[in-house]
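Residues per chain, in single letters:
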Amino acid sequence: MAELSPFVEHLLRRAGFGASEAERERFSRYTYPIAVSVLTNFNPDETNVDDKINTPGYVQIPGNRQFLPNQVLADARNRWLFRMVHSPAPLQEKMALIWHHHFATAHSKIAGTIGNPDAVRLMAAKPSEDSTNQRGQIELFREYALGNFHELLVEVAKDPAMLYWLDGYLNRRGSPQENFGRELMELFTIGVDHHTESDVYAAARVFTGWNLVQTGTRGTSNANYAFRYNANNHDTDAKEFSFPIYRDGSRRIQPRSAAAGMQDGLDLISALATHPETARRMARRLWTWFVSETETPDDAFVDQISNVYLANDTNMKPVIRAVLFSKPFTDPARFHQRYGWPVEFVVRSLKEVGYSGFNVDTAATPMLNMGQQLFEPPDVNGWDLGPGWFSTGGMLARLNFASALATNQRAALRDAARAHNQTPETLLEFAIGRLSIPEIDGEERNALLDYIRAGGAWTGSESQLLTKTAGLFHLLTGSGIYQFV
Amino acid sequence: MKFTRREFIRDGVAAFTVGFAAPAFLSDLARAQGATGRSLVVLYLSGGNDALSMLVPYQDAAYHTRRPTQAVPAINVIQIGADRSGVVLGFHPRLVGLKQMFDAGHVRLIQRSGYPQSSRSHFTGTDIWNTASPASPTGSGWLGRYLDTLPSPVDPLAGWATVREVPRALIGRTVSVPAINNPAAYQFNSPNGIGAEQGFAREAMTRISSHLPTEKPHLSFVNATTQAALATLDRVGSVVNYQPSTGVVYPNNNALAQALRAVAGAMFRGLGTKVFWVQTGGYDTHASQNVNSANLGYANLMGTLDTALTAFYTDLKNQGLLQNTMIVVFSEFGRRISENVSGGTDHGAAGLMMTIGGSVQGGIHGTAANLQPGNPTLENNGGDVTWETDFRSVYASVIDSWLGADSVSILGGNFRNSGLTIV
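Protein chains in written order, with this note's numbering: chain V, 1 to 485; chain C, 1 to 423.
Calculated directly from the structure, the hints in this document are not laboratory data.
Heads up, simulated EDC-like pairs for lysine to aspartate or glutamate below, C-alpha to C-alpha not over 16 Å straight-line:
1. C:Lys216 - V:Glu295
2. V:Lys327 - V:Asp299
3. V:Lys158 - V:Asp267
4. C:Lys216 - V:Glu293
5. V:Lys327 - V:Asp303
6. C:Lys216 - V:Asp441
7. V:Lys327 - V:Asp298
8. V:Lys126 - V:Asp50
9. V:Lys126 - V:Glu46
This one's a predicted model, so the numbers in the text were calculated from it and none came from an experiment.
Chain V extracted, bound-state conformation (with noise of 0.2 Å):
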């Protein structure tokens, strides 16, 4: 098996989510420096794995019904991890996780809206497969992995998940609608602490009027979801503000004509994107997504990455660039110190242990009971990152998926140690090994030995491999220090 530098794996594992055995030959014949540019130099036009669906010698989808990933959940789902398995850009499909976490839209309000599969369709539609070139929020995600923040955060506001999941589709004059406008400032960009109750309620005027337009027929493939700036439905006085929202200082929005009204919106968007406050916020972020969310970020992290950030005119390539090579990220201190999340160990165990013939729907009950669904975050503010996913019902779910995993790779694992069936010692080695993990000694190491040895004298007979394999990736990856990165 190639070797990789305890970096590369370090940096497949937190900038992508592990290495299969192609990724480790691969990666092997990179420095850190060249690893760091092949993740973070792809163009998202070539890098579409889709079309080895269903094919083998991959990760498996289910069989006995249609693929429809534009229009039911659960193979929208299946999709997404099979691109996080096989993509040869592990880098852009883990950031539209963060982005997806970042700007948490849930399946689920928008479906109690509107239905499916439409909803489906406006969180993972691929457009050059849909019938009416739906985009989802999902491939905005994936198409901006590494772009312009401040014009992602354009989009966003123009999405039509986004419109129905904070209601903005209902923004108008008179009665505005608060929801965007307030997470738009709390979460997406400046934070809590920046902004005034005043700021909600202006913003949620300088949004009226962005709404949506669908046009045939709702629940069918000619149902067509698209963003429209409805002047009749813009407030047109003024907006003010307790921060600058134009280079001259000012705070305040002058009033507008209706028809010119949609600028309000695009400032003030403006405004927080170049935001200092933002660009703090998205370093400490990025921190607590890349190098720890138990330590507190250190400050001249933040001063570096939000000064990236501004100076690359909100470009994240750059600063994703910056973190990756900084000297935190990189200590090896770090090294599997990250709490994994549900996605990151699901996706990393698969490439890790193996997932020929492995269906990926069978992860979609153990991921709920981890604590992720995939397009169903639990509300805008993402996912409780860190220790919040070891509760032991989360943990039990982690073991049990290892297992079924592991159940499922059985004769596959039997094959690959066959060569090092000598001893209990030289089984433990091959799994350790194939496992991006550091070595293990005293007491947990003499509990995995003991386990190869329990119910008769090692011989590595072909019935004593088969069982034992299976059971060490079991407890291999059902231990604690496989669930950091």
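Please build the complex by placing chain C on the supplied structure of chain V, with the hints as guidance.
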């Protein structure tokens, strides 16, 4: 048998780490600690409950003018009488079961509960209610701090969150509460069937997770979580086949009812759990609130709530557990008085708390707001209802008179209110 415990707190999250203890030992522990038999069930209505639609001031003219489409007509409310200021009140029409509990003297309604400068943020607001600390809503929760006061070692099932993530309210400094949303899935599988190999695997996992290095608190936390799971599996499993009392149905399509069924099962089996956390969502009714609908929006929320509470209440009554149970209902804020153009209501301030149980002193506490703009019972330019009863005084009463602990130390201040007697 080894029983060690280490404490750590980092970023407001704590772990209690038990060395492996045999389930039988923990059962004994639970029986001893649960001897008083009292349970607290905290029910969180997530999203900001519209108190004005739940407990309706149906003769307040401003209520009707400010809610042209989202007011419950006086003819439809379930009248429950007047508060001490003479405002007549009624339950939402779907709260038929709650009315029966109220008539039995088992419901106390605490009007306008909240706190000064109420947060309109779901997240800050929820953290404030969970920590009982408006000034600094981080770190441990009020229920976690209560559990921390129990004599150690504390049974891992002393608290039980019926949700997937333990809410901050139950985060303690030394006690770790399990999140058990589905007792049936609370089991340990093995890739080699259910025979001897499964036993070997469980034994190995127990040993692996007993590794609690002090220099790696987060690894210790995860390992301790695994241990707590393995040590409580069998007791939690005993709840799965709980048979509710005759005639009581917890509907399968009502997640709140299913959670309360597990709570009733845990109480019936005498697992020793002192604090249960239950929650139900959908209360963030910004649009299409549908207070008068047959089965949509807020009316549906009230129907779901009433069905679940009624099943639970009746079951506990039949099982002889009602006297020893107190349910506390809260939400992170009330909602804006005037409806918005989307037929919904935005984030507001003070809300409604309820305590329910066989030992609860029923009745209506406090005074309703006068919804006429400019009235001093309002804030935010007349937009929202302002608080009258500090929610921490309700917590204080629960801690002091129900849980038998010291509210001053747990809440970090004296919030006792002699005018508020809930038991």
